[in-house]
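2 protein chains.
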Amino acid sequence: MTGALKLYNYFRSSASFRVRIALELKGLGYDYVPVHLLKNEQTAPAYAALTPSLLVPTLIEGDSVLTQSLAIIEYLEETHPEPPLLPADALGRARVRSLALDIACEIHPLNNLRVLRYLVHELKLSEDDKNRWYRHWVEEGLAAFEKRLTGDTATGRFCHGDTPTLADITLVPQIFNAKRLDCRLDDKPRTMAVFEACMAHDAFKRAEPSACPDAA
Amino acid sequence: MTGALKLYNYFRSSASFRVRIALELKGLGYDYVPVHLLKNEQTAPAYAALTPSLLVPTLIEGDSVLTQSLAIIEYLEETHPEPPLLPADALGRARVRSLALDIACEIHPLNNLRVLRYLVHELKLSEDDKNRWYRHWVEEGLAAFEKRLTGDTATGRFCHGDTPTLADITLVPQIFNAKRLDCRLDDKPRTMAVFEACMAHDAFKRAEPSACPDAA
Chain S
1 MTGALKLYNY
11 FRSSASFRVR
21 IALELKGLGY
31 DYVPVHLLKN
41 EQTAPAYAAL
51 TPSLLVPTLI
61 EGDSVLTQSL
71 AIIEYLEETH
81 PEPPLLPADA
91 LGRARVRSLA
101 LDIACEIHPL
111 NNLRVLRYLV
121 HELKLSEDDK
131 NRWYRHWVEE
141 GLAAFEKRLT
151 GDTATGRFCH
161 GDTPTLADIT
171 LVPQIFNAKR
181 LDCRLDDKPR
191 TMAVFEACMA
201 HDAFKRAEPS
211 ACPDAA
Chain A
1 MTGALKLYNY
11 FRSSASFRVR
21 IALELKGLGY
31 DYVPVHLLKN
41 EQTAPAYAAL
51 TPSLLVPTLI
61 EGDSVLTQSL
71 AIIEYLEETH
81 PEPPLLPADA
91 LGRARVRSLA
101 LDIACEIHPL
111 NNLRVLRYLV
121 HELKLSEDDK
131 NRWYRHWVEE
141 GLAAFEKRLT
151 GDTATGRFCH
161 GDTPTLADIT
171 LVPQIFNAKR
181 LDCRLDDKPR
191 TMAVFEACMA
201 HDAFKRAEPS
211 ACPDAA
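Here the protein sequences come in this chain order: S and A. Note that the working numbering numbers the first sequence so that position 91 is 91, with each residue one more than the last. Note that the working numbering numbers the second sequence so that position 13 is 13, with each residue one more than the last.
There could be a bad hint or two in this list.
Each pair may be met inside one copy or between any two copies, as identical chains are not told apart.
Derived DMTMM-like pairs: lysine to aspartate or glutamate, alpha-carbon spacing no greater than 25 Å straight-line [claimed, not checked]:
id, residue 1, residue 2
1, K124, E140
2, K147, D63
3, K130, D31
4, K26, D89
5, K147, E41
6, K205, E78
7, K6, D89
8, K130, D182
9, K26, E78
10, K147, E61
11, K39, E140
12, K124, D182
13, K130, E140
14, K124, E139
15, K6, D152
16, K39, E139
17, K39, D186
18, K26, D63
19, K26, E127
20, K6, D129
21, K124, D202
22, K179, E208
23, K6, D31
Quick caveat, the hints were computed from the structure, so don't treat them as lab data.
Excised from the complex, chain S in its bound form (with noise of 0.2 Å):
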């Protein structure tokens, strides 16, 4: 399947890192294209006229221009069908979609690299009050994430159930920027043990940041 899709990307953008793992899990081969975030490379007009919200990922498909990385993946899911990063059953289907949203919604949106961007240059927060902002998004959101996670027997090895499905590729991204700006995450057992599960399996290994051409 290589260089039948072109994924326009950053290493350490979260939402590439989705569709990187979407890619492996179904073991599809595609070409890197980097796109380098901290030197504003996706405000270049050929990148603007592909995705005019400036935003990595973009997965090119033949003409077919794919942009949203929980879209990119539903489209994947639809047309790879195996393995499943969905449940067969609607009500788990459901339950997967949350989890994701609960994070891709409610934590990744307000520490992306324009929006803390916009906090320090437009707003004039201080170092201090940018990070103490990441962290406060990051925590709440995982604290909620873990309580779900703990209080639902449909739970197992991974989010749901013991394959991995959308909810651990939304995750494991989410918890790496956490990492990176030092998130407290021994409070949250249950969520870091699906992590440690994700990151024994190959696919999450190969798509991580440090593995990408553009990471060195």
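Could you slot chain A onto chain S? The hints should help.
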């Protein structure tokens, strides 16, 4: 169907509004349970036990507890497929989901009540700076959304073709909020034309905040 479904929600919450629209489009009756966010009713122990994130909406169906508006709507789509809120083709579904996520992940999370409260109470932002923050993300996000709508022949009377989808369901509540906060909208004519088409539709009208029992 009244009585079978119970929706914990708040009239002014965007995410609640999305689910109300979907229920109306599907023709599903439901019991409306108000959770007054300004009075912090979401922190009451009974609600916190149901929804650890303390967010609305929560949909109850029998013994099942469903959270996260987009996951709830995907569930309704799977369990009550008519009328469809997603296109039949995988690429169309990816486009609709990505438009919805452009709002649900890039605009709304930055502007919900708990975030605005944190900016004012914890980071001591002025009312002016808070409103500037609000308008910045709405205007930047909707400008990118407008480019996507105008740049794609798949856009019709609604965001995707001529029937309402998940993208319209997510757009409309965001426009209601944008209007409340005096965000600039006159430079987004295609987006606003879609908004007007939605508001000419009974299901959207029946779901709007002013039609809710807790709006008084």
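Hints versus structure:
no.: 1; hint: K124 - E140; in the structure: both (24 Å within a copy, 20 Å between copies)
no.: 2; hint: K147 - D63; in the structure: between (43 Å within a copy, 18 Å between copies)
no.: 3; hint: K130 - D31; in the structure: neither (35 Å within a copy, 41 Å between copies)
no.: 4; hint: K26 - D89; in the structure: both (20 Å within a copy, 20 Å between copies)
no.: 5; hint: K147 - E41; in the structure: between (39 Å within a copy, 19 Å between copies)
no.: 6; hint: K205 - E78; in the structure: within (24 Å within a copy, 33 Å between copies)
no.: 7; hint: K6 - D89; in the structure: between (31 Å within a copy, 21 Å between copies)
no.: 8; hint: K130 - D182; in the structure: within (13 Å within a copy, 27 Å between copies)
no.: 9; hint: K26 - E78; in the structure: both (11 Å within a copy, 23 Å between copies)
no.: 10; hint: K147 - E61; in the structure: between (38 Å within a copy, 21 Å between copies)
no.: 11; hint: K39 - E140; in the structure: between (31 Å within a copy, 20 Å between copies)
no.: 12; hint: K124 - D182; in the structure: both (22 Å within a copy, 24 Å between copies)
no.: 13; hint: K130 - E140; in the structure: both (16 Å within a copy, 21 Å between copies)
no.: 14; hint: K124 - E139; in the structure: both (23 Å within a copy, 20 Å between copies)
no.: 15; hint: K6 - D152; in the structure: between (38 Å within a copy, 21 Å between copies)
no.: 16; hint: K39 - E139; in the structure: between (29 Å within a copy, 24 Å between copies)
no.: 17; hint: K39 - D186; in the structure: neither (34 Å within a copy, 32 Å between copies)
no.: 18; hint: K26 - D63; in the structure: within (21 Å within a copy, 33 Å between copies)
no.: 19; hint: K26 - E127; in the structure: neither (40 Å within a copy, 48 Å between copies)
no.: 20; hint: K6 - D129; in the structure: neither (38 Å within a copy, 40 Å between copies)
no.: 21; hint: K124 - D202; in the structure: neither (42 Å within a copy, 45 Å between copies)
no.: 22; hint: K179 - E208; in the structure: within (14 Å within a copy, 41 Å between copies)
no.: 23; hint: K6 - D31; in the structure: within (5 Å within a copy, 46 Å between copies)
Of the numbered hints listed earlier, those contradicted by the structure are 3, 17, 19, 20 and 21.
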